[in-house]
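Engineer: Those letters in the sequence shown? Residues 463 to 752, by the numbering used here.
Check before you lean on any hint, since a few could be wrong.
Derived DSSO-like pairs: lysine-lysine, alpha-carbon spacing no greater than 30 Å straight-line [claimed, not checked]:
1. Lys733 - Lys592
2. Lys592 - Lys477
3. Lys515 - Lys477
4. Lys733 - Lys572
5. Lys592 - Lys572
6. Lys581 - Lys682
7. Lys730 - Lys581
8. Lys592 - Lys730
9. Lys731 - Lys572
10. Lys581 - Lys733
11. Lys592 - Lys731
12. Lys682 - Lys572
13. Lys682 - Lys649
14. Lys515 - Lys478
15. Lys592 - Lys581
Hints are computed from structural coordinates only; laboratory data are not their basis.
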Amino acid sequence: MDSHAIRCFQRVFEKKSIHQAAKDLCMTPQGVSRVISALEGEMQTALFIRSRKGMEATPEGRYFYEHTQELTRQLLDLQLGMQALKRKKAGLHIGFSCGVLNILSIHVLKGVMARHPDKSLEWVEDFNEKIVQLIAEDSLSCGFCIGPIRSDAFFLQEIYRTGIEAVVYEGHPFYDRPSIITIEDLKGQPLVGLNEHFSLFHSIVRRCADFGFTPQFVVKTMESRLIYHFCQERVGIGIDVNIHAAPPPLRYVPITEGTPWRIFFVCKKEKRDDSLFQEIIAALTSHLQL
463 MDSHAIRCFQ RVFEKKSIHQ AAKDLCMTPQ GVSRVISALE GEMQTALFIR
513 SRKGMEATPE GRYFYEHTQE LTRQLLDLQL GMQALKRKKA GLHIGFSCGV
563 LNILSIHVLK GVMARHPDKS LEWVEDFNEK IVQLIAEDSL SCGFCIGPIR
613 SDAFFLQEIY RTGIEAVVYE GHPFYDRPSI ITIEDLKGQP LVGLNEHFSL
663 FHSIVRRCAD FGFTPQFVVK TMESRLIYHF CQERVGIGID VNIHAAPPPL
713 RYVPITEGTP WRIFFVCKKE KRDDSLFQEI IAALTSHLQL
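Start from the sequences, fold in the hints, and give me the full structure.
Structural biologist: Rendered as structure tokens:
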């Protein structure tokens, strides 16, 4: 018995037809029939009753179907796991926290990987906490996260930082500020920003708590572009990192006393001396300094 024979049996059971099963499996009806006959011979029992209505499962056939469902799932998990192990040996799997790719260049990474033709490059973008989790599980080789990450299990190296800024609409009292907005200036102001999935939200909440108040977020979104949309609608002051072009007449005003927005290269501590990782860090750092 092999996995192909089990899949043939399951498809015949579900379709109640050898012809329909053959179409789904891209086989001939004769080929499917031979597989079923061989399986019945191996099990030493009839799995189907053949009639004008099609293929009706016997009690043994129904029992066999129920117990092969879990087996099929296990086989699929096994195949996926083996493929993942194979990819892990041959490739580099990098995670990017949401927003990081606005700063980092995939082309620079591809340039580094071009010098290592024996390795492939795969990458994924997800929320900060998910990327950290995948690195911890060894599902990712390394990642670029908004940090710092508070864990002794990881090696971190900062490669970029910038400030958090207010996005102010024309007509707001802060619009004509010549230079900065303080954290205390945000007290009581309706704010528009990214939601709890993003480190930027928690950063501004913690900083406001240091000054004794809770910021009043009237809009919490998952898309940076909506911050600017709602600011244009004068719903509130936007909170974002100055990595986008604020559409006129909106303007950025730096927030003093705020926690900087920082990107870190992250990997497990035991991998910190990996030569490829060091090459990637050097290439991206050099590119960001241009």
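Engineer: The structure should be examined with respect to each hint, and the outcome stated for every one.
Structural biologist: Evaluation of the provided hints:
Using a Cα cut-off of 30 Å, the hinted pair Lys733 and Lys592 holds, with the two alpha carbons roughly 20 Å apart. Proximity of Lys592 to Lys477 is assessed by CA-CA distance (about 40 Å); at most 30 Å being required, the pair is judged violated. A threshold of 30 Å between alpha carbons decides the hint, and for Lys515 with Lys477 the separation of about 11 Å falls inside it, so the pair holds. With a C-alpha separation of about 21 Å, the suggested pairing of Lys733 with Lys572 holds against the 30 Å cut-off.
For the suggested pair Lys592 and Lys572, the alpha carbons sit about 24 Å apart, so the restraint of at most 30 Å is met. The suggested pairing of Lys581 with Lys682 is violated, with an alpha-carbon distance near 40 Å, which exceeds 30 Å. Distance restraint check for Lys730 and Lys581: the Cα-Cα separation of roughly 20 Å lies within the 30 Å cut-off, and the hinted pair is therefore satisfied. Among the hinted pairs, Lys592 with Lys730 is consistent with the structure: their alpha-carbon atoms are about 15 Å apart, no more than 30 Å.
Between Lys731 and Lys572 the alpha-carbon distance is near 24 Å, which keeps this suggested pair within the 30 Å criterion. Distance hint between Lys581 and Lys733 is fulfilled; the C-alpha atoms sit about 17 Å from each other, no more than 30 Å. A distance of roughly 18 Å separates the Cα atoms of Lys592 and Lys731; the hinted pair therefore holds under the 30 Å criterion. Annotation: proposed proximity of Lys682 to Lys572 is violated, straight-line Cα distance about 34 Å (limit 30 Å).
A C-alpha spacing of about 17 Å is found between Lys682 and Lys649, which places the hinted pair at or below 30 Å, so the restraint holds. Note on Lys515 and Lys478: the hinted pairing holds, with a Cα-Cα distance of about 8 Å set against a maximum of 30 Å. Between Lys592 and Lys581, the direct Cα distance comes to roughly 24 Å. Compliance with the 30 Å bound is thereby established for this hinted pair.
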